[in-house]
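Place chain B on chain A using the hints.
Top line first, the protein sequences correspond to chains A and B.
Every position in the first sequence, counted from 1, becomes a number in this note's numbering once 4 is added.
Every position in the second sequence, counted from 1, becomes a number in this note's numbering once 63 is added.
Any given hint could be a false lead.
Covered stretches of chain B (chain A as the covering partner; in silico rule of three or more C-beta atoms under 8 Å from a C-beta of chain A) [unchecked claim]:
1) 69-78
2) 84-96
3) 176-184
4) 217-228
5) 253-265
Think about it this way: if two alpha-carbon atoms lie no more than 16 Å apart in a straight line, the pair counts; the simulated EDC-like pairs of lysine to aspartate or glutamate are [as the list claims (entries may be wrong)]:
6) 241/B with 163/B
7) 218/B with 325/A
8) 227/B with 325/A
9) 91/B with 74/B
10) 69/B with 273/A
11) 252/A with 151/B
12) 135/B with 101/B
13) 173/B with 209/B
14) 27/A with 330/A
15) 276/A with 74/B
16) 106/B with 133/B
17) 91/B with 273/A
18) 136/B with 74/B
Because the hints were derived from the structure by calculation, they are not lab data.
Where is the CB? At the ideal position from N, CA and C, for every residue including glycine.
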Amino acid sequence: MLGLGIESTAHTFSCAIIEKKGKKGTILSDVRKIYRPEEGEGIHPREASRHHVENSSIVLSECLQEANTSINDLDIVSYAAGPGLGPCLRVGAVVARSLSSFYKIPIYPVNHAIGHIELGKLLTGASNPLVLLVSGGHTMLLAFLNKQWRVFGETLDITLGQLLDQFGRSIGFASPCGKNIEELASSSSNYVSLPYSVKGNDVSFSGLLSATKSVAKKNKSDACYSIQETAFAMISEAVERALSFTQKKELMIVGGVAANKRLSEMLKDVCKRHGCKFFVVPLKYAGDCGSQICWTGLLESQVKKSASLKDTFVTQSWRLDSVKVDY
Amino acid sequence: MKLLKKGAEADIFETKWQNSKAILKIRKTKNYRNPLLDSKIHKQRTIKESQVLSQVKQIGIPAPLIFFVDLKKSSIIMQQIPGKPIHDLPPSKIIPLTKEIGKLVGTMHKNGIMHGDLTTSNFILFKNIVYVIDFGLSQNTIKPEDHAVDLRLIKEILNSAHAKIMESAWKNFLSGYKSVVGNAKFSKITNLVSDIESRGRYATVV
Chain A
5 MLGLGIESTA HTFSCAIIEK KGKKGTILSD VRKIYRPEEG EGIHPREASR
55 HHVENSSIVL SECLQEANTS INDLDIVSYA AGPGLGPCLR VGAVVARSLS
105 SFYKIPIYPV NHAIGHIELG KLLTGASNPL VLLVSGGHTM LLAFLNKQWR
155 VFGETLDITL GQLLDQFGRS IGFASPCGKN IEELASSSSN YVSLPYSVKG
205 NDVSFSGLLS ATKSVAKKNK SDACYSIQET AFAMISEAVE RALSFTQKKE
255 LMIVGGVAAN KRLSEMLKDV CKRHGCKFFV VPLKYAGDCG SQICWTGLLE
305 SQVKKSASLK DTFVTQSWRL DSVKVDY
Chain B
64 MKLLKKGAEA DIFETKWQNS KAILKIRKTK NYRNPLLDSK IHKQRTIKES
114 QVLSQVKQIG IPAPLIFFVD LKKSSIIMQQ IPGKPIHDLP PSKIIPLTKE
164 IGKLVGTMHK NGIMHGDLTT SNFILFKNIV YVIDFGLSQN TIKPEDHAVD
214 LRLIKEILNS AHAKIMESAW KNFLSGYKSV VGNAKFSKIT NLVSDIESRG
264 RYATVV
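The shape of chain A in the complex, shown without the other chains (with noise of 0.2 Å):
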């Protein structure tokens, strides 16, 4: 089965294709365009859905051309129906509904944050794990039970991605900050004490945030290795009490801030600990991309029906917790 899936939820403007031969998925092409904002700004949900209206098409045909494949051998369009900004949602949609509408290839609406995990584990290979979804709109702590992804942890404020970001752009950085904070963390080892802050098996950031940016008036690298000190501590702890108390023997790690080297390094202890295997998702798939849709599109069309044009919506609050999984 061919599948195409569309990736528009926030920066990252995303086609790409996948073939599905049972349970096995091989990626025949991922093209994306990612929007920048200026320095210190952050994502500006009016520009990012113009550059994605502006690229969508020229991503589309290179990812076609790529895969070596046309419209008219696709089996199903997926799209990235939420969580995400609104007028980037849209522009997705209307492609995938175009495509459906124009070639009549049966629609699937999916849910970004489920196509990270199911993207992971096609990549890892990991069974049954303890994920750890991290991104710039996700900081959960999540195990499957009873066709569901239950919540086992989360930030009660903003995410990781949220406090790398804002604290980089009160720095002068542009979004995302991740790679620009790990770059001037390795400058410093002179750890400032820090809010710490875990609840149980959840997290709060937003206190450290605050605390950060005043440390940075006086020291922009001992700011940036402390805030990454504390904040993965506290993620790695929150990680650690999840594996204790579900008992799981797999950890896998998924979203954009997987690509951080220091956390992971982090987190590649606390399993050594727990006796758990260890699964990051590769780099290159870390981020928001139309694999995870694509795939994710794929698992649903064994089960589920198409949806009709009118069902096609966007939703910009869409927890995972809430879809069903069946497949």
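Just chain B, lined up with the frame of chain A:
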């Protein structure tokens, strides 16, 4: 010494204290954590845990007795409760016990104590009495928001680890909690719980 459990935070050993069985809880250094941060956390939590364990005994909460605290090693020797964690009991047994758990949490809150880690593995059933353990994240606080965070956590745990019995277990918990804290505090705290939930990511439909 026999290792009983490798917890998230500490290792639990079986040991002896004056000829009777006891538990040694020791917070080990975590390699992944910055040493300064690590020792700060250990010290704080060891002190807090032993303090609050003594406090809750005074307000009639069944909890282990403290025998000895060693701040240098971040270790506590305490009474062993040889029962079973609520988490491991069959669902039909958990449902009625959640009312008792609600009462215990209510009593702690009424006395200005937030447990901080209300999971079903931190309550132990022994000889038909529910004991509360693991006070490492506890705080002395009368702030309603803090108490609401406690409730939200146990709700999250019921909703994930005990999804099948969530509704009745949560209802029982609330009725037990209400019977101790009274109507006014009850509605204040439960409203705050909804508040915190609505702050969660993607919680409300826009």
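Hint check:
1. 69-78: Coverage by chain A holds for the region 69-78 of chain B (4 residues, Cβ < 8 Å).
2. 84-96: holds (count 4)
3. 176-184: Our answer is that it holds, as 5 residues pass the Cβ test (under 8 Å) against chain A, meeting three.
4. 217-228: Three-residue rule met by the region 217-228 of chain B, so holds; n is 7.
5. 253-265: holds (count 5)
6. 241/B with 163/B: Since the Cα atoms of residue 241/B and residue 163/B sit roughly 11 Å apart, the hinted pair holds (cutoff 16 Å).
7. 218/B with 325/A: 14 Å, holds
8. 227/B with 325/A: Holds, at roughly 15 Å.
9. 91/B with 74/B: Given pair residue 91/B, residue 74/B holds - Cα atoms ~7 Å apart, limit 16 Å.
10. 69/B with 273/A: 15 Å, holds
11. 252/A with 151/B: Measuring from Cα to Cα gives roughly 15 Å; hence the hint holds.
12. 135/B with 101/B: 13 Å, holds
13. 173/B with 209/B: 12 Å, holds
14. 27/A with 330/A: 15 Å, holds
15. 276/A with 74/B: Holds, at about 15 Å.
16. 106/B with 133/B: Cα-Cα ~10 Å, so holds.
17. 91/B with 273/A: Within the cut-off at roughly 13 Å; holds.
18. 136/B with 74/B: 12 Å, holds
Every hint from the earlier list agrees with this structure, and none is contradicted.
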